[in-house]
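Enquirer: Given chain U, work out where chain G should sit, using these hints.
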Amino acid sequence: MNSRELKPNGLKLFVFIASLIPLGWYAWGIQTDNLGANPIEVVTRGLGTWTLNFLLITLAATPLRHYTGWTWPLIIRRMLGLFAFFYAGLHLTTYLWFDQFFDWLAIGKDIFKRPFITAGMATFLLLIPLAVTSNARAIRKLGGRRWQQLHRMVYLCGVLAVLHYTWMVKADISNPLIYWAILAVLLSARGLWRIQKIQCQRLKNSTHRTKAARCEKH
Amino acid sequence: MHILKKPHIPPSEITPQVVYTRRRNFLQLSAGLVIAGLLPEAQAKLGPGKASVFSTAETLTSLKNVTSYNNFYEFGTAKEDPAEYAHTLRTKPWTVSIEGLVKRPRTLGMEDILKLAPLEERIYRLRCVEGWSMVIPWLGFPLASLLRQAEPLGSAKYVEFITALQPDTMPGIRRGVLDWPYTEGLRLDEAMHPLTIMAAGLYGDILPNQNGAPLRLVVPWKYGFKSGKSVVKIRFTDREPRTTWMKSSPSEYGFYSNVNPAVDHPRWSQANERRIGEFFKRKTLLFNGYADQVAQLYTGLDLRKYF
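Taken in sequence, the protein lines are chains U and G.
Numbering of the first sequence is given in this note's numbering, commencing with residue 1 and proceeding in unit increments.
Numbering of the second sequence is given in this note's numbering, commencing with residue 1 and proceeding in unit increments.
Keep in mind that the hints were calculated from the coordinates and are not lab data.
We put the CB at the ideal spot given by N, CA and C, even for glycine.
There may be inaccurate statements among the hints.
[What the hints assert, rightly or not] Calculated lysine-lysine pairs in the DSSO-like style (CA-CA distance at most 27 Å, straight line):
hint, chain 1, residue 1, chain 2, residue 2
1, G, Lys-79, U, Lys-170
2, G, Lys-233, G, Lys-157
3, U, Lys-170, G, Lys-247
[Unchecked claim] Some chain U residues near chain G, calculated using beta-carbon distances under 10 Å:
hint, residue
4, Asn-38
5, Ile-40
6, Gln-100
7, Asp-103
8, Lys-109
9, Asp-110
10, Pro-115
11, Phe-116
12, Met-168
13, Ile-173
[What the hints assert, rightly or not] From the derived model, a few chain G residues whose C-beta atoms are all more than 10 Å from chain U:
hint, residue
14, Thr-95
15, Asp-112
16, Gln-166
17, Asp-168
18, Trp-180
19, Leu-195
With the rest of the complex left out, here is chain U (with noise of 0.2 Å):
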């Protein structure tokens, strides 16, 4: 092995560890009967935040590449978005069996009667596919560039989570605005250099040389 492969295999070993500490700080509450009056609900709402943060760090790989040219969040990029879709199934477990105890009867009202269940339910769907294609064998099957097309499905995900979030909350919803501004900024990012290599390619179709030239470093 060396050296080259080896930084990216300690990133990724760093990360690994780095997402599963949430996991391990709720064990730990539990454990030590640390998290409050409701240890239940901290759980599932604290399963639930952890969800939202993933989706959104794995949502910033992207402009985080484009935008400065390091390499490093495409390198973890896949292993952030496996733990986005770990913790949702965590949180969806936390919610069949700590709140319904695995009544299906109430779940099923649950999921076509509460928009914010439905919008939930209908995130963890969506980034099943994205979660099983998300290894190299997938990418060849399915060709990039309709694999990558499935892939854009995560920015619906994304808008679906933070919706659910938003319809949960009683009446502050300061929080959940924050996940909004935070998505907003994310996917207009990637609307911007959509424009941007439109405009390139207008240019180069044109006469200005110089402009385009310029543009193509972007």
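Expert: Okay, now just chain G, sitting in the frame of chain U:
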């Protein structure tokens, strides 16, 4: 009049005296020990209160949980915010004014209010609209004995409760989460019902600030938000008051807000509840288990429409 009728309590609900005195002694001792460590020595103890037939024999929620898991949005919207920030609330001096459709509008000081009626210990279930519940040993007296002081007029049909607004001590009100001051309301017969109390204490001692010091409403068959904290004004009206939560979200919070497992909150089910300290959920009971005492208040009323 039905509110004067003796409530029917099934014998199974009545705790034998030996049991409750033993429990009471233990609780007083333990609560006393805990609170003694928390409060300055000058604070006089309020309890013990007279035992009440309305008290439940269910296991009490711990003092720690009762005082650290609160909704008191004036001090922030997180459950732990009130315990952290409510210490600044000024509770002395405290007056409650009673006005509106009354013969004798008056303003009473806290000292006089406490002399109106002997303090009773009322161990009540508390069911929050969010789906959790507690069992709390309140120290209080029937609201009726306070309301009678002002001699309500025959035209009075409703009672509005206005709670404290102290912008300098309440960090939560700087944010427009709700329309302050926090306001609640009851129908007159609900307010006069013997189960409805003004609490000045819990666990045998004065109310901690986060629980609504120095005087709060407790209406055990309604969702917790109906029981306004730190009440400063009581107003008799002939029209149904618009409460803070009704203004905030009229489709989600009705005037009655009686605990009812059959009427869901639009965004979540009310069929079950998690009793704080328990793992499994319990079935929520109609009128929070006080149907025998209060169901007759709502005879003929469509509880779905008047939720």
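Enquirer: Does each hint fit the structure? Answer for all of them.
Expert: Do the hints match the structure? See the list:
1. Lys-79(G) to Lys-170(U): holds, 13 Å
2. Lys-233(G) to Lys-157(G): holds, 17 Å
3. Lys-170(U) to Lys-247(G): Distance of about 13 Å is within 27 Å: holds.
4. Asn-38: holds, 6 Å
5. Ile-40: holds, 7 Å
6. Gln-100: Holds, about 9 Å.
7. Asp-103: holds, 9 Å
8. Lys-109: At 7 Å from the nearest chain G Cβ, Lys-109(U) passes the 10 Å test, so the hint holds.
9. Asp-110: With Cβ-Cβ at 7 Å, under 10 Å, it holds.
10. Pro-115: At about 8 Å, which falls below the 10 Å cut-off, the nearest Cβ of chain G leaves the hint on Pro-115(U) intact, so it holds.
11. Phe-116: Status holds, d = 6 Å.
12. Met-168: holds, 7 Å
13. Ile-173: holds, 9 Å
14. Thr-95: Non-interface label stands for Thr-95(G): nearest chain U Cβ at 29 Å, farther than 10 Å.
15. Asp-112: holds, 35 Å
16. Gln-166: holds, 20 Å
17. Asp-168: For Asp-168(G), whose nearest Cβ neighbour in chain U is about 21 Å away, the distance exceeds 10 Å, so it holds.
18. Trp-180: Label holds. Min Cβ-Cβ 12 Å, cutoff 10 Å.
19. Leu-195: holds, 25 Å
Every hint, counting from the list given before, is met by this structure.
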